[in-house]
Amino acid sequence: MHRDAWIAACDTFQITIDAKGAQAVVMRYCAHKAEATSSIVGSSDAACSFSHEAFVDALIELFVAEDLSFNLIESPRLQALIKMLCEELSDSDIPHQTTLRNQLSEVFTEYLDTL
Numbered sequence: 006m007h008r009d010a011w012i013a014a015c016d017t018f019q020i021t022i023d024a025k026g027a028q029a030v031v032m033r034y035c036a037h038k039a040e041a042t043s044s045i046v047g048s049s050d051a052a053c054s055f056s057h058e059a060f061v062d063a064l065i066e067l068f069v070a071e072d073l074s075f076n077l078i079e080s081p082r083l084q085a086l087i088k089m090l091c092e093e094l095s096d097s098d099i100p101h102q103t104t105l106r107n108q109l110s111e112v113f114t115e116y117l118d119t120l
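Using the numbering used here, read the sequence shown as starting at 6 and increasing by one per residue.
It is worth saying that the hints were derived from the structure and are not from the lab. One thing to keep in mind: the hints can contain errors.
Claimed, not checked - Listed next, with one range per pair, are the computed distances between beta-carbon atoms:
no.	residue 1	residue 2	range
1	ASP98	GLU71	18 to 26 Å
2	HIS101	SER56	15 to 23 Å
3	ASP96	ASP72	25 to 33 Å
4	ILE20	ASN107	32 to 40 Å
5	ALA24	SER74	32 to 40 Å
6	LEU120	ALA14	16 to 24 Å
7	LEU73	GLU115	40 to 48 Å
8	ALA14	GLU92	18 to 26 Å
9	SER95	LEU120	37 to 45 Å
10	GLN19	GLU66	18 to 26 Å
11	LEU67	THR119	37 to 45 Å
Cβ atoms here follow ideal geometry from the backbone N, Cα and C, with glycine treated the same way.
All chains should be modelled from the sequences, with the hints used to inform the complete structure.
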């Protein structure tokens, strides 16, 4: 994809990508490539900053990459672990399996549209 080539080139030439609209795309690219993002994402705060959308995206990437069942998100143990890592989260901030499935379906549909 053109987008992947662009991000890889920015990384190679140590060009920082500051555009807020590109941050999620860059994070997904880096997660897919299992690379650190600090060299191409605008600031280290952007790479570590929390947003609900980035949280859901990261969960989907984890579940898909590790071939985990979306049912796992309903586990009280996993939910307790997530809340331990980010104390500000409440039960309502953790997406249910249907939310994850629907979001994955949207991402997959967008991907198919680009083909």
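Go through the numbered hints given earlier and state which of them the structure violates, listing their numbers in rising order.
7, 8, 11
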